[in-house]
Every structure is written in C-alpha cells, then in structure tokens.
Amino acid sequence: MACARTKLIVGGLVMAGAVTYLAVAGVKSGWTYYLDVDAFLLNPACQAQRTRLHGEVSTDALDLRPGELFVRFDLLGRSGRVPVAYKGPIPDLFRPGRQVVVEGTLDAAGIFQADTLLTKCASKYMEDRAGPPEARTATPQ
Amino acid sequence: MTALVGNLSLGAAVLSVAAVLLACLAAARLDGRVCLLWARRGMVAIAAMLTISCAALLAALVSSDMRFAYVANETSHSLPTAYKIAAFWSGQEGSLLLWGWLVALMGAAATLGRRRLGAPGEAATIGTLAAVCGFFVALLVLAANPFRLTPGVIPSDGRGLNPMLQNPAMVAHPPLLFLGYAGFTVPFAIMLGGLVGRRSCAAWAAEMRRWALTAWLFLGSGIVVGAWWAYVELGWGGYWAWDPVENASLLPWLTGTALLHSSTIVTQQRGMFKGWTAALTAATFVLCIVGTYLTRSGVIDSVHAFGRSAVGAYFLAFLGVLVTVSLGVLVARRDLLRPRTRIENMLGREGMFLVAIVLLAAMAVATLIGTVFPLISGLFLSHPLTVGKGFYNTLVVPMGVVTVAVMALAPLLIYGRAAAGALGRGLIVPLAIAALVLAAGLALGLHNPMAMACLAVAVVGVSAMALSLAREVRSQGAQAGFGPILGTLRLIDANHRRYGGQLAHLGVLILVLGVAGSSLFSVNKTFTMHPGDSVRVGRYSLRLDQVRQVPADNYAAVEASLTLAAPDGYATTLTPQRRFYANAEDAANEVAIRTTWREDLYVVLAGWQDQGRTTAIQVFINPLTSWIWIGAILTAAAAVFCLLPRLMPRVRTGDATTPTSARSRCARALRPVNADWPGGLEEAAS
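Chains A and B are the protein sequences, given in the same order. Per this note's numbering, residue 1 is the first one in the first sequence, and the count goes up by one each step. Per this note's numbering, residue 1 is the first one in the second sequence, and the count goes up by one each step.
Errors might be hidden in some of the hints.
Estimated spans, in silico, between C-beta atoms of each pair [what the hints assert, rightly or not]:
#, chain 1, residue 1, chain 2, residue 2, range
1, A, L13, B, I376, 23 to 29 Å
2, B, T563, A, K87, 25 to 31 Å
3, B, G445, A, A25, 25 to 31 Å
4, B, A418, A, A25, 36 to 42 Å
5, A, V10, B, L436, 29 to 35 Å
6, B, T81, A, D63, 50 to 56 Å
7, B, L446, A, V10, 31 to 37 Å
8, B, D157, A, A25, 52 to 58 Å
9, A, V10, B, G328, 30 to 36 Å
10, B, A48, A, A25, 51 to 57 Å
11, A, I9, B, L486, 24 to 30 Å
12, B, V429, A, V10, 26 to 32 Å
13, B, M346, A, K87, 50 to 56 Å
No lab work stands behind these hints: they were computed from the structure. We put the beta carbon where it would ideally sit given N, CA and C, even for glycine.
Given these sequences and hints, build the entire structure.
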C-alpha cells in the first residue's frame, strides 16, 4: 500500500510540475499590458514591450485604405495621442470616433505598429444590454 | 393589458416562490408529506406564472408593441418574425426571463418526476430549485424588468436587432446555452437534497445523472452552434478565440464532463468519487453563474459588447450565497462523501477516471485563471495584465490532448488488479496500427509533433474501440444466434450507457482531428486584387470577376464575384458580401465557404476602395474543419442515445442479450450488493 501511495504522490508531483511549467510558459508567451493611451504615454517600461492599448479613433489624421488593408490613425486618450499604423483586415465597425483596442509595439519612429485591431461595439449596443453569451461577437482578429 | 399580465404574473411568481420556500421550511417541522405536496404544487405554480410572463413578452415582441422599452430596443417593425421571436433572448431582460422560466420548468419536471412523495431531503431539493427561481424572479422585478415601459414618447419604430445577430444560429444558440445553464440547476438541487437528507450517494447520483447528461448535451450543442456561427458569420476564419465570453460557456462544460464521469463510478457502487461528484455538481452550477457574472457585470473586458449593468451586483451576491451553501453542506456531510474503497490500480478504470477528472478540472481552473487574469493582476500591479491565446494554447491545449489520450484508452479499462495487464494486452494492436499510420504520415510529409500526437491518439482510440466491440460481439454472438450485424446492434442496444459513451468518445476524437487540422495547418492569405486578376491559393485558383452593389429587402450589399477553379476540375462562382442593414450603421460580413471533407475554402471580402477597382480579398484554407461539426453532431447523438430507453425487445430465452464477456461478468461479480441500489435508470437495461 505504501508503495502505491508513493507512486501516487510521485505521479501527482510530476503532473503538478508539468502543469506549473506550462502555466509559467503560457503566461510568459501570452501576457500583455492592457492600458489606455494616457497611462501608456506616462509609462516608458510599457512602451518597450508588446502592449494592448485602448482609446478613441481620432477624426483627423486618418489614412484609411481598406482595399490595401492598411490604416493609419491617431489613438486618443483623455489628453495624449499615439499614432497607430495597422496592416490587416479592417473590422466592420472601425471608424473615427469609435472606441478601439490595438495590440502591438511602438517602433523607433514613435509609431505604434499594431497587428491586432478590435473595435468595441457601437454606442447603440453599449447601454444596459448584455446579450446572451457569444451573441455579440465582434471581430476578434 | 400585456404589461399588466406580464407584471402580475411576475408578482404571482414571487408569491409562489415565497410559498414554496415556506412549505419547504415547514416540511422540516410539521407533517412533511402535506407540506411537500404543497411545495410540489408551488413549483408548478412558479412554472405556470413564468410561462404566462414569457407568453406576454412574446406577444409584445411579435406584435411590435413599441410601448415596451425592451421591444423598442431589440426589434423593429420590418424585422422578420423569426428574429422578432429571437429578440426574446437578444437582450438582458428577455434572456434572464428565459433562463428563469427554464429553471422553473425543469424544476417542476424534476419535482413531479419523483413518484414517491417524501424521499429524504426532498424539502431541500425543492427549496433549492425554488430559491434559484426566486433569484431570477427577483432580478426580473428589481433590476431587469422586461415589461418596463418606454419613458416619454412612444417611438414609431424600434432600433432593430444587431445585424450580426440576424443569422439562423441566433434562433438556436442562446436557448441551447440557457437550457444547459438552467439544466445544471437540477443536479445541484438533487445533490444538496441528497446530502441534507443523508441519502446514499449512489441514489442521488443516479437520479441526477440524466439531468446532468441532458444539461451537458444542451450546453455542448450551444457552444458548438456558437462556434459554427462565429465561423460562418464573422469572417476571421476561426471558430474559437478564447474570448472571456466563450470561456464562460466552456467552464461549466468542462466540469460537467468531469461530473458525468465521476457520477458513473458512484452509480456503479464502487464506493469512490463521491466527494468529487458532489463537488463537481456544485462547481458546474456555480460556474454557470460565474460565467454570467463575468460577462454581464463588465468586470472583464471582452470584444463582445457587454454593457456594464446593475445585474452584476446581484449575480455576485447570489454567487456568494451559492458558494457558502455548497461548501457548508459538503463540509457538514463529509462523512457521507468519504471513499469506502481505495483505488487499486492507477492503470485500471477507476485510476484512469481519476486522471481524466483531475485533468478536466485542471483545464477548467486554468481557463478560469486566464479569463480573470486582468482582475488578479490588477490587485498586484498598477496596470492589469491580460493573457492572450498563447496562454491557453500552451497550458490548456496540452492538458486537453492528454485528456483525450486517456479517453482513447477507455474501452480497454477494467476494474481491479488485473487492469494493467489487460490494458497492456489490449494496447498492442492499436499501438501497432497507430505506428503504421504515423509512418505513412511521415512518408507523406507530416512532421508537426502536435498533429502526430493527435493522429496517434485518434487512431489508438478508434482501433481500441473497434477491437473491443468486435471481441464482445464474438463472445456474445456465439450464444445469441444472431447474425453479425443484428448481433452487434443488439449488443449495443443492451447497454446504452457503455456504447453511448463510446460513441461520444468517437465523436470527440473526430472533433479533435478537425480542431488539430484546422488550427495547425490553416493557410491565411490576403490579396489586393483588381477585376480580372487571378491568384493561386494552395490547390485552388481564384479570379476576381467584378465587385458590384446588390440590393435586397432589408439590406444592401457589396458583393465580389470570384470564379473558383478547384484541382478536381470543379468550377464555381463564390460571392462573398459585406452587407449594410437598413436600421444599423454597421456592416456584416457574408463569407463564401466551399466545404469538402478535406478542407474549407473560406473567402472574405475584406475591403475595397475606388468603387471596387481595388479590392482586398482574404482567403483561408482550413483543413478538416467539417470534421469538427461532424464530431460534435456524433457526440450529441451519443448523449441522446444514452438518454433513450432500450429500443429492441429483449429475448426471452436465456440471457442471450446481456454482454457476457469475461470483463462484464467480472464487473458484475465485483459490484457490491446494496439495498439502496436505485435500479431505475440506464443500468436497468443490463
């Protein structure tokens, strides 16, 4: 019986170790800061790594080329702004004045090179409405 | 009139809940049977009152009665009737009413389904069901009244349904999920009642199993319909993004799957997994509520548009009560949950079940941690951290592969000391077949280790299943005197639980191959094209013919038409669209998909400028995607098969229809005799 128990404990430890290793690897591979524009500008540490930024699409300085899958815009915070360049399919809900989330890194020229652009939904659906799970999927990539 | 009926029925439901709770409390002190009879009638009253509320809301929606704020917010006059009905569950108030109504209906059915009045703990079971109904009714009355009138001037038309929701899946996906969520209330109530009333664990586990299986079937179907919907509607080429809302529905499915397995062992009177079963029943129900709290309170940022709303606080309070009550009952009754026997062999049936249950629970915990990571990290850091797909792909996916590998061994597992030897002997041929298949795969250029692991697991699983079935048919057919086909069918029909389980495993294996193929070998290319241009993607050639505007009834679309030439000589026109709905400022994608058993060709109109003279076309080649849907349908069919009674008549002479392999004889001999054996459910067949 003692032998079986030892085996069980060793097996459990091995499994726990494997899961911990995977968890650490997973968090390392996947984690990003999630900030608004103002916090991002105040935080040089975040500017050096991959970040998820949220803010409003500025109505000026917009260069939208959906046929070439390219857009260049300024992301507005309460006071600051960050220029963003994004290459990829532009979500249906993207337009000036909208709340969006971008994910990427700041390049040497001070332009935020985004590879992910997500739109938060239109104000119309932002009220006291939370639909059934998954019913309100916006474009997640 | 409708408002009066709606509000009155909600009020009457509140009174019914109070009456049931009083009757349940009184049952403990006064004459139990009379009080319980009234509690049962009260459950029916709650269900009846909420049915009237639902009918009132449905009438208002279908007749486009814009006096109601809900109707004006969710629908418009021009909306097709099917979507007017679907608007019932597109908003906060309606979806909560639907959920509460389903809890009441299932609660009443579960209560009346017990023929004998006054089983131990029945008052606690009915009380729990009524309390959950009470929570939803209170929420409807206090925070999310679907019969609230439009303030001020009544609008001439409503705001319409979000165009993304105007898809046939909208009719099926949310109700399926809510059937699952509501369904898991019943096992929870039966478990609490069983523990409070000190019934044997096998008795309450057997009673709640059918409900758990039904809820699991609905929840799983809802998740898959949602994934399919995201795939065909959203145009990003995938079906699962590890978004908080998706995770929220996956969490109770994972623990529910673990629950189905642990409760099997409990009902087979092995004296083990009682604590696991009770804890998983509670966890599954609590996770249904956790998911709803996370996604509706606004504490987690999702790409899904969830408003921050007042119901979050109510859900949090309810969650606190649920966790306290569950933990309290589990701790107070820990003497009932202590295992009577030890696991003899980790390579036996019980040992492997333990591994699978622990893995499923660990996957649920990992997914939950990933989902609430912004909240956890926000406690320690000035800026919250989020984890993306990488987290789930490195942590949850490997655990899932190991779980499926354990699952593949299922047909070879037996109880007891001889298990390791039996497993080893049974694995020789499946492993040999898998080695041959892998060698063939290597020769054909398959190098991805994850894909090879999935393929090996699937081959081992399918061949082990086929071999063990063939063995059982042989040993049984000799005595029964039926032909091989009829003999096999009779054998399968004689034990729905065993073979239903195997069929579900087969479905999961097919689904896993689909997921592996589509996630590991997906090709994604975007082309900037002008009319007349041709491109080659994989084995296909695509020519952009034109981009034009297409008018329709309630939307106008921009449509690209592309001529597709497939390698098998098949040629067709694909027409991906971007639709602009009349009532909405936003557009919706209409993806063109060509499905074959090998792969999906998935074409999206990604963007255009200069009136379509420059157009962006995004093309995905997603291998084996149709296997996902086929596997899921098979798994759902298997769950239905488990729930069905025996289909073919029993043969009178001898025990010809019972499986008489050495293994099943052995299992029956080992099964301890217990006076409390319920004998009613799936096992009755054998």
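Consistency of beta-carbon spacing, A25(A) to D157(B), with hint 52 to 58 Å: 54 Å, holds
Range hint 50 to 56 Å: satisfied by the CB atoms of T81(B) and D63(A)? With a Cβ separation near 44 Å, T81(B) and D63(A) fall outside 50 to 56 Å, so the hint is violated.
Taking the CB of L13(A) and the CB of I376(B), does the distance hold inside 23 to 29 Å? 25 Å, holds
The hint says 26 to 32 Å between V429(B) and V10(A); measuring C-beta to C-beta, is that right? 30 Å, holds
Looking only at beta-carbon atoms, does the pair T563(B), K87(A) fall within the given range of 25 to 31 Å? 28 Å, holds
Looking only at beta-carbon atoms, does the pair A418(B), A25(A) fall within the given range of 36 to 42 Å? At roughly 39 Å between Cβ atoms, A25(A) and A418(B) fall inside 36 to 42 Å, so the hint holds.
If I claimed the Cβ atoms of G445(B) and A25(A) lie 25 to 31 Å apart, would that claim hold in this structure? Given range 25 to 31 Å: holds, Cβ gap about 28 Å.
Measuring from beta carbon to beta carbon, are A48(B) and A25(A) in 51 to 57 Å? 54 Å, holds
Is 29 to 35 Å a correct range for the gap between the Cβ atoms of V10(A) and L436(B)? Hint holds: Cβ distance 34 Å, inside 29 to 35 Å.
Between L446(B) and V10(A), does the C-beta distance stay in 31 to 37 Å? 34 Å, holds
Go ahead and decide if the range 50 to 56 Å is satisfied by the Cβ distance of M346(B) to K87(A). Holds, at about 52 Å.
With 30 to 36 Å as the target window, see if V10(A) and G328(B) comply at their CB atoms. 35 Å, holds
In the structure shown, a violation is registered for the earlier hints numbered 6, 11, in ascending order.
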